[in-house]
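Visitor: So you can see what is in the structure, the chains are spelled out below.
There are 2 protein chains.
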Amino acid sequence: NLSATRRGLPKPKMSENGVVPRAKVLTIDTMNPTVKNVEYAVRGPIVARAVELEKELSEGMKKPFAEVIKANIGDAHAMGQQPITFFRQVLALCSYPELLNDSTFPEDAKSRARRILQSCGGNSMGSYSASQGIDSVRQDVARYIERRDGGVPCDPDDIYLTTGASDGIMTMLKLLVCGEGVTRTGVMISIPQYPLYSAALAELGAVQINYYLNEEKCWSLDISELQRALDEARHHCNPRALCIINPGNPTGQVQSRECIEDVIRFAAKEGLFLMADEVYQDNVYADGCQFHSFKKVLFEMGPEYSDTVELASFHSTSKCYMGECGFRGGYMEIINMDDEVKAQLTKLVSVRLCPPVPGQALMDLVVNPPQPGEPSYDNFIKERTATLSALAEKAKLTEQILNTVHGISCNPVQGAMYSFPRIIIPEKAVKEATDKGQQPDMFYCMKMLEETGICLVPGSGFGQKDGTYHFRMTILPPRDKLQILLNKVKEFHQKFTKHYS
Amino acid sequence: NLSATRRGLPKPKMSENGVVPRAKVLTIDTMNPTVKNVEYAVRGPIVARAVELEKELSEGMKKPFAEVIKANIGDAHAMGQQPITFFRQVLALCSYPELLNDSTFPEDAKSRARRILQSCGGNSMGSYSASQGIDSVRQDVARYIERRDGGVPCDPDDIYLTTGASDGIMTMLKLLVCGEGVTRTGVMISIPQYPLYSAALAELGAVQINYYLNEEKCWSLDISELQRALDEARHHCNPRALCIINPGNPTGQVQSRECIEDVIRFAAKEGLFLMADEVYQDNVYADGCQFHSFKKVLFEMGPEYSDTVELASFHSTSKCYMGECGFRGGYMEIINMDDEVKAQLTKLVSVRLCPPVPGQALMDLVVNPPQPGEPSYDNFIKERTATLSALAEKAKLTEQILNTVHGISCNPVQGAMYSFPRIIIPEKAVKEATDKGQQPDMFYCMKMLEETGICLVPGSGFGQKDGTYHFRMTILPPRDKLQILLNKVKEFHQKFTKHYS
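Going down the list, the protein sequences come from chains A and B. Residue numbers are given in this note's numbering: position 472 of the first sequence equals residue 472, and the series is strictly consecutive. Quick note, this note's numbering runs 501 ahead of the 1-based positions in the second sequence.
Just chain A, with the same shape it has in the complex:
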């Protein structure tokens, strides 16, 4: 037997009463080291402090603000956005089918609910679905993609429903990871990035390959920078995948068609598996910008590309105009995946049985909303348009107000739900932060939280060029509140800058 000593475990110490207390089995020194490497700033220490502050406020403690405003996360309903009535009616009908006899529900909601329930075992959302997702939902997703992509065909067998997009991204990365040392899988991600990617790569022990978006050119992607990052990475790992977020998170840029073509050519030339995170596909605000799916561009580039380039693209119920994060709905489409690998993917997702069925139902409604002529159509369009126009207006407002502040510069928020302005932090503040062992932008955001109640995420949580500082702020609060919030950010920045100058 291996003794504790041989395994290098600490020797148990005698306690005061002479009893030898058992050492913990699981300690920070004996836990999974890859888990320790995981970081996830969107829910990091700043959010923990925001929750504490909320509690202190509710207990009557005096603060320089009346409420904490969480602009750290793309959580639309929490910021007051209303759900789409039709979606919720169908979900209520599916939850409690007795309501199918209730004459106040519109007929189209009832027929959607009946169709979903007929696809569920025992006509109940309480049954497991197929692990890949409910068949009829995958068919609806395929038809949605075909409509969106101007008729490019989509096979329902290539669709996997997921527990939010995060689950799909994690699963795909899991398939890709292998090798050790210089053959270890490397994955290219944009900097700034959405920290799910870095967290997943850390957990899987894969190599993160950073390529930098060009802040000066509105966070656009340069192929030469992809090439630089790839060439450098090839010295120490085996780059196998390239992740793109479009529209961008946290950076809000919308990629041009040309850029997407270049990326596809690059992936083909360099033998990279493409992962396209397209969860903000309806969130495009800027004039002249348009969402192009990687799938569509790939197929329009002809068989040289569409028959060979491996692509996984991801969508979700959490963003766009619906913002239904809590339901954890999503799908991924898999193009040109090797058949044997696909069988392995299907096996892998079967272990977690199935994605949540209410989330699958909701995904179905997103890809198959009310049609012209149906009773709920007008109201659906009204609600969707109102939400998307308000977001477009708030995107512009955010950019405008932030750019009035000396020491803050903000690229246009072309899409998605965030601004990611660059901030100038005075030398003295950088020094004070560094002395405290904090990132300067964490120091800045923490001060802002304590003084104003506004919760943002420091740029260091997403990655940024050395010596630059940013924060991510959602554009989700209602217009009036957003305006107040932006002005508070302005005041804070001016005060902070003055204090440390």
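Calculated directly from the structure, the hints in this document are not laboratory data. Hints are supplied without guarantee of correctness; some may be wrong.
[Stated by the list, open to error] Pair by pair, the computed Cβ-Cβ distance ranges are:
| id | chain 1 | residue 1 | chain 2 | residue 2 | range |
| --- | --- | --- | --- | --- | --- |
| 1 | A | GLY205 | B | GLU805 | 31 to 41 Å |
| 2 | B | ALA524 | A | GLU451 | 54 to 64 Å |
| 3 | B | THR847 | A | LYS428 | 28 to 38 Å |
| 4 | A | THR183 | B | ILE724 | 39 to 49 Å |
| 5 | A | GLU340 | B | GLN901 | 40 to 50 Å |
| 6 | A | GLN483 | B | PRO546 | 58 to 68 Å |
Since this is a predicted model, take the numbers as computed values, not measurements. Ideal Cβ placement from N, Cα and C applies to all residues, glycine included.
Based on these hints, arrange chain B on the given structure of chain A.
Guide: Chain B alone, transformed into the frame defined by chain A:
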């Protein structure tokens, strides 16, 4: 740069038209090897074939049966079990809060819905919750555990809501895995086991340590067998955790209080982290059997144990009397976990943002059902009792009929939702299976499926003593259908035995 050759990748071949087709980035040879090692029999090839048969039947193909009966998985609603009315009313109210004005809904359902919505950001289930789960739900879980365990205290901070129990089990195992070679983490699991465990350990690259349940003593757990398995494993890995499923899956045994005490003493003595899978805690049918939670027994053994033994216990909305699998609700309680590790756990679960909120709401209703005096109480009790009594009756019926078959012997189904009878497979059938490269019980179950339409899982998917064969069959079909099904199994077994004798 590393060339493809240096990395051992296959050289691309020239195609007929002279174009060099690109090799796939992701192939069975270049994918994550740990994923390839994963097996999950409950949704394996036999279920894939059952789905095909259903499709063939629906297309009018002639078969020796009129329908496929999936007795392979504990999917209660799919087998016709009705959801609890109160639970579904509250879910409908939470999905579509307009219904709070509907006078046909009972007041207690409305007040529960209001309480859940008040705990959601923006009063919407569409908001993300805290990653650990909604505060008020965790408080209700803690009070439920205290009631269940006769007042043993429970801290809501020790509760983590999960996406079904599988998610919690996977997360805990993930924390525990470290080391290489002889220091690699080993985890003890029962044989037969629920294959989530073997799948998770394969994916994590941990060492599976088998301890065998005693079929002759009604699948009971012998400490001497735990000791044997542990002592042997110490030669080649670092055993750190012990997993128990009680009531047992697939074996249906209910552990005695004495056995649980012995297991806890063993874990304490040997320095093992305990994982108690207690998702069938309401599914106890046999006279003289009772569910004892590991938490309660641990605390009643006094501070020598309750202050030191690390325990994670798991529960779910998917089983018991509710059977709401599709909602993917669940929780885990963590006892005596090192504070730093707990912080790492909280960070880890934050990456996947939050468990599905409808599943959290459902978990809340399970731990806080209608109370005496509330309008829904009588109907709730009536529905719950009806489901549990029917299950108890079907447990007995299953055991009785199976034991009338020569060559099948079935232990009492004391709890859970499955029988796991031993079957005698004639030598000639074993040979034919082996020649085909199949496990003999897979061969048996596949034949049964093709001839009768009954879908069972072969014992080899759960693990069994060499040379013994079993299948797992759920007791979930309605009584009449179950009786027909059991008689079909009987007929099949007799025919099969005759054919191969």
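Visitor: Would you mind marking each hint as holding or not holding in the structure?
Guide: Hints, verified against the model:
1. A/GLY205 with B/GLU805: 31 to 41 Å: Check passed, 39 Å falls within 31 to 41 Å.
2. B/ALA524 with A/GLU451: 54 to 64 Å: The hint (54 to 64 Å, Cβ to Cβ) holds, given that B/ALA524 and A/GLU451 are roughly 57 Å apart.
3. B/THR847 with A/LYS428: 28 to 38 Å: For B/THR847 and A/LYS428 the Cβ distance comes to about 34 Å; the hint holds.
4. A/THR183 with B/ILE724: 39 to 49 Å: With a Cβ separation near 45 Å, A/THR183 and B/ILE724 satisfy 39 to 49 Å, so the hint holds.
5. A/GLU340 with B/GLN901: 40 to 50 Å: Hint holds: Cβ distance 45 Å, inside 40 to 50 Å.
6. A/GLN483 with B/PRO546: 58 to 68 Å: 60 Å, holds
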